[in-house]
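Peer 1: Go by the hints and put chain B onto chain A.
Residue numbers (our numbering), protein chains in the order written: chain A, 157 to 357; chain B, 157 to 357.
These aren't lab readings, by the way, just hints derived from the structure by calculation.
Careful, some of the hints might be misleading.
One copy or two, it doesn't matter: identical chains are merged, so the pair holds either way.
Mimicking DSBU-like on lysine-lysine, the simulated pairs with C-alpha atoms at most 30 Å apart in a straight line are [as the list claims (entries may be wrong)]: (1) 252 with 236; (2) 258 with 195; (3) 236 with 328; (4) 244 with 343; (5) 245 with 328; (6) 328 with 302; (7) 268 with 328; (8) 268 with 258; (9) 328 with 244; (10) 258 with 236; (11) 188 with 343; (12) 328 with 195; (13) 168 with 258; (14) 192 with 343; (15) 195 with 245; (16) 245 with 158; (17) 343 with 168; (18) 158 with 236; (19) 195 with 268; (20) 158 with 244; (21) 192 with 168; (22) 258 with 328; (23) 168 with 236; (24) 158 with 302; (25) 268 with 158; (26) 245 with 188.
2 protein chains.
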Amino acid sequence: AKFNPVVPEAAKDADFLMLGNLTPAIQIGVIKQMAKRPKLIVLDTMNFWMDSAWDDLMEVLTMIDVLTINDEEARQLSGKHSLVAAAKKILTMGPKYLVVKKGEHGALLFSKDEMFSAPAMPLESVFDPTGAGDTFAGGFIGYLAKQNDVTFEHLRTALIHGSALASFTVEKFGTQRLQDVTDAELKNRLMDFHNLVRFSL
Amino acid sequence: AKFNPVVPEAAKDADFLMLGNLTPAIQIGVIKQMAKRPKLIVLDTMNFWMDSAWDDLMEVLTMIDVLTINDEEARQLSGKHSLVAAAKKILTMGPKYLVVKKGEHGALLFSKDEMFSAPAMPLESVFDPTGAGDTFAGGFIGYLAKQNDVTFEHLRTALIHGSALASFTVEKFGTQRLQDVTDAELKNRLMDFHNLVRFSL
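Looking at chain A on its own, in the form it has when it is part of the complex (with noise of 0.2 Å):
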């Protein structure tokens, strides 16, 4: 309960914030402490501060751009069951865009007046999980930093980029995988993503 991160000097003028999973009240003070309104706020946060801190939760909701849950909190938080109606209820409660984490099913991505849906790469082996969603959120804004402009293309893409990263992420123990990648690699990868979905009309 005494856990307060001070934003280093060097940091508080980032244009891109990405919010891990802590309590909204800690969250909120991380955004307060910014020396000035980021680009792009992402938010991730979980089913237990839906139970424990509903108002704090509100509150930092008005605060961000882009919300990162699973499809049992989407439905928790909206009180909806289907997925477009829990995002259109989530899409008025502050954020501009919802990325609903599927695991193995991938992720659905939502604005107001469009929808995504990202595959997950079916696997053989998952040798070590740990970290995957850690990864996949560090390679979604890592991906719209470096575009330096958040457009619902580049968001399609931000989210097969984290995917991407997740998928090395889950071969071998801890961080392992991840400081072994090449651009090479990663750009195969992609390519894999991209040959998994397309087909011609």
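Peer 2: Then chain B, alone, in the frame of chain A:
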């Protein structure tokens, strides 16, 4: 136990045969009534036959080209949890292609060397799901029959056609909506599927 469907003369030289989910013995009986080996035989089955008619099921699997089952059934049939490992095993049992249906999470298509992930269209409400699976099967093999050529590329598109048609079926009771669908509406729905998954790298 006395149900023995008789294939009408006019259908005995069909090039494309869709075997619905009946006992494997009846499915074998239908294949044996065909005047010649169809270009493509698609077979639907379920966990009930895995429990009660294993030997017949193993026999009919050696006679077909495409097997369609759901994810839990793929795991039961193969004894493997990973769907990639399950597909590898099942493709040694006879079928050249495996379609794994995942309901609201879409479907996966496997050959020995390739893999395709078809999305499901996220829907705000489902009025009546009755017949969605049969519509999917009909749209799938109907598209292939029209191409008259079975390649992995065509199978990708066939999966999307089946999914698009099934997405109409659930909008009204029974076959009501399906009887009303226009070419233009189908084209629009196919574009919706394309937009749902597209991204640039």
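Peer 1: Does each hint hold? Answer for all of them.
Peer 2: Verification of the supplied hints:
no.	hint	result
1	252 with 236	within (18 Å within a copy, 40 Å between copies)
2	258 with 195	within (27 Å within a copy, 38 Å between copies)
3	236 with 328	between (37 Å within a copy, 21 Å between copies)
4	244 with 343	between (34 Å within a copy, 26 Å between copies)
5	245 with 328	between (39 Å within a copy, 25 Å between copies)
6	328 with 302	within (27 Å within a copy, 46 Å between copies)
7	268 with 328	between (38 Å within a copy, 26 Å between copies)
8	268 with 258	both (20 Å within a copy, 26 Å between copies)
9	328 with 244	between (38 Å within a copy, 23 Å between copies)
10	258 with 236	both (16 Å within a copy, 21 Å between copies)
11	188 with 343	neither (37 Å within a copy, 49 Å between copies)
12	328 with 195	neither (34 Å within a copy, 44 Å between copies)
13	168 with 258	neither (33 Å within a copy, 45 Å between copies)
14	192 with 343	neither (34 Å within a copy, 47 Å between copies)
15	195 with 245	within (24 Å within a copy, 49 Å between copies)
16	245 with 158	neither (33 Å within a copy, 54 Å between copies)
17	343 with 168	neither (32 Å within a copy, 49 Å between copies)
18	158 with 236	neither (35 Å within a copy, 47 Å between copies)
19	195 with 268	within (19 Å within a copy, 46 Å between copies)
20	158 with 244	neither (36 Å within a copy, 52 Å between copies)
21	192 with 168	within (8 Å within a copy, 74 Å between copies)
22	258 with 328	both (22 Å within a copy, 28 Å between copies)
23	168 with 236	neither (37 Å within a copy, 49 Å between copies)
24	158 with 302	neither (35 Å within a copy, 67 Å between copies)
25	268 with 158	neither (38 Å within a copy, 56 Å between copies)
26	245 with 188	within (26 Å within a copy, 55 Å between copies)
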